[in-house]
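Build out the structure end to end from the sequences listed, making use of the hints.
Here the protein sequences line up with chains Y and B, keeping their order. Just so we're aligned: the first sequence equals residues 7 to 529 in our numbering. Just so we're aligned: the second sequence equals residues -14 to 309 in our numbering.
To be clear, the hints were calculated from the coordinates, so they are not data collected in a lab. A couple of the hints might just be wrong.
Under the rule of at most 27 Å between Cα atoms (straight-line distance), these lysine-lysine pairs were calculated in the BS3-like manner [to be verified]:
1) LYS112(Y) with LYS170(Y)
2) LYS38(Y) with LYS73(B)
3) LYS73(B) with LYS184(Y)
4) LYS43(B) with LYS444(Y)
Between beta-carbon pairs, the in silico distance windows are [claimed, not checked]:
5) LEU126(B) with ARG319(Y): 28 to 38 Å
6) PHE245(B) with PRO284(Y): 29 to 39 Å
7) SER182(Y) with GLY241(B): 32 to 42 Å
Beta carbons: idealized from backbone N, C-alpha and C, even for Gly.
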Amino acid sequence: MRQKLLIVLAIVACCAFGATMAHAEKLTLGLKGEPTSLDPHFHNVAANNMQSLYVFDKLVRQDTRQKLKPGLALSWKPVSDNVWEFKLREGVKFHDGSPFTAEDVKFTIERIPNVPNSPSSFTGFVSNIQKVDIIDPHTIRFTTEAPAPLLPRQLAAFPIISKKNAEGASTEDFNSGKACIGTGPYALVKWERGDKIIYKRNDNYWGEKMPWEEIIVRPITNDGTRVAALKSGDVDMINFVPPADVDGLAENKKLVLSESPSTRLIYLHLDTDRDDSPTVSGNNGEKIKNPLKDFRVRKAISKAINRRAIAGRIMDGLAVPASQMVPDGYEGTSKRLKPETYDPKGAKALLADAGYPEGFKLVIHGPNDRYVNDADIAQAIAQMLTKIGIKTEVNTMPKSVYFGRASNLEFSFMLVGWATDTGEQSNCIGALLHTYDKEKGFGSSNRGRYSNPELDATLEEALVTVDPEKHNELIIRATEMGIGDLGIIPIHYQVNIWASKKGLAYDGRTDGYTLPRNVKVNK
Amino acid sequence: MLAFLIRRISQSIVVLLVMSVLVFGGVFCIGNPVDILIAPDATPAERDRAIHELGLDKPLPEQYMRFLTDALHGDLGNSFVYNEPALKLIMQRMPATMELAVTAMLMAVFFGIPLGMIAGIKSDTLLGRSIMRFSILGFSLPTFWVGLMFIIIFSVYLGWLPAGGRGETVEVLGVPVSFLSWDGIRHLILPAMNLALFKTSLAIRLSRAGVQENIQMDYVKFARAKGLSNTRIIGLHVMKNIMIPVVTVLGMEFGGLIAFAVVTETIFSWPGMGKLVIDSIGVLDRPVIVAYLLITVTMFIIINLIVDIIYSILDPRVRLGDQN
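Right, dumping it as structure tokens:
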């Protein structure tokens, strides 16, 4: 018996030892989301977009603060109002050894609108490209319908695939690995759905040298399990550390926390359009004319919200009070806008001034499984509003029910989030604050139907102004108009946290992506 | 026997039809999957295009009829989210769930029944009482909490076993299984124990009750009078008689184990079907939800059938098809 026990122990020891030996060459990541596909043009969603950067490269890269940097394109410049020229990097090879040329770029742009059954396509990023001209294998020109100042941003939104390997390939061919051949730092070995994705280093990579021969990405959706997997040493690093676990992990000497602000804005949208709004009523439940149309009432709501308390208590410090669409330091942010200060007295005065000294009744709707502590934030806001006399009821629901109903305009007052994935706020203004316009494609997420013709004109002008300074100025002006008028009420930006084993750290990204090139090794 | 089978199968088809109508209508009522899947800055035109591509612009009865025609040809539709056949996605995940469920069931049978019998025979001893206390714990502690405790104790503090995932798999006839590699077994132990806990407690209770009831019966007294050894009486005669309720209940529970292992799968990030279907419900991926439920219902029907057949073997007095 004792002998058997010894043998078992010996085996266990060998396994444990083997595991530590392998660690130097292997990086195991425990990530919250799993991509729905490895086809980089199938589904425009963060988990997919992040994972595609392991295998593929984009023409234009975004750095950790989402500033544009050369990727597969070395440089770019507008040659006329409607034409952009991109110089491509030479000597880049795909994983199968074939060279990367302008043909691959052209092929990629032509494929994007034609990915079958895509539930959320990338078409919007290429729809204004009218013509692609290959000048030579490493020079390419894009002709757009109208001047397109944001083209480099648009081209930083999707990766380039290989014409040779992906011509005629289906989404399934990418998932199986057959067509999943890129120029990126890692090549796909195998995707075991639900369990892990295995990558092997691309030794001919044109960019940063990667220290790990193998990367294993394990999707661990449950927050508690993800934290436990790190603590037990199953994985080397995890993303989206839940705020409640941060203190515990910070005390652990074997672990390192890395944080970064994010572009995930949590905001309130209010019905500023209809006179008879569905979830607003008088103090006795009678119908009243929608008070949210009155700027003073919106201002009172904004003043009644204690953003510091929400960031500090509900978010455990992992949020930054917000003043506009994206955090300070981004292109197109206004220096004049500041987070609204908490002022319940001023709020009450504004309400009285607007003709609601006794307040009114309101329902706040929000999701309860979408953003960090979303239901708790809604609860807190309801209490703060009730304090100034707006008796607010909370109604939260799963995201699968919530977003459909919100887009159907069934709510008057709602908590929503927005992540500026492009690192630039014009698409956010266009979707949230521009007048809803199906023809022109604006206002798709304008669930309050805010409308301000002056803002519309300013934004539309910015979208065709190629001069970067003028463009920025117009964007700032549009932001100031929309936020100044409280078309939406910003609450906070989420802060993202990564936790890793000692010896590793993460150069946190505002887009929340976990990329191998941003993992730092401290010896 | 044949008439019994035919009747069973025709009943099953009706059940499947009704269920598919319910799920179809139910998911339709919840909302439009495109609202969750699409990028929030997509233009309304893009949204319309996505809705059209997924066939969601057609009236519901038409969508259902199309599904039904395809289903009769063995095609349960493509997942909205993964753009792959729903059936294939589920089948890919099924071995993992099956392995977990079978392991958990074996644990429940091999620990639960003997422990229950001991508790039944020695009900007044410390051992018997401890077994019963354990079974009360097993019943009343919530699965997710026990799972997290297992992880904290065995993975985080002791570091003996991995906290989740499936580990190394070995292919047997093209089906990946964990139990043939040491790494795979290590990954299997905690989730299987977690899943088995409730069923073990159930097996303990059932077999204890059975033993206590049977031990008073005349046939046991008669066997004792005849001078049969205790082992033979308990191990053969009593055992046979307590097996009927145990087989019935555990058989039904096995179906549940496969279909609803989702809590354990989520906590241990075990790549099984339960996790797939929960993710799919979250994004209203109707083809996967419908296909999953159709498969689950079929499985329950088959398990019921097998239980009935085993019944007739265990108890010769039961004749299949003679009920009416």
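Hints, one by one, checked against the model:
1. LYS112(Y) with LYS170(Y): Measuring from Cα to Cα gives roughly 12 Å; hence the hint holds.
2. LYS38(Y) with LYS73(B): Cα-Cα ~24 Å, so holds.
3. LYS73(B) with LYS184(Y): Satisfied, since the Cα-Cα distance of roughly 18 Å is no more than 27 Å.
4. LYS43(B) with LYS444(Y): holds, 21 Å
5. LEU126(B) with ARG319(Y): 28 to 38 Å: Holds - the Cβ-Cβ distance for LEU126(B) and ARG319(Y), about 31 Å, lies within 28 to 38 Å.
6. PHE245(B) with PRO284(Y): 29 to 39 Å: holds, 37 Å
7. SER182(Y) with GLY241(B): 32 to 42 Å: Since the Cβ atoms of SER182(Y) and GLY241(B) sit about 33 Å apart, the hinted range of 32 to 42 Å holds.
Hint check: no violations occur; every hint is consistent with the structure.
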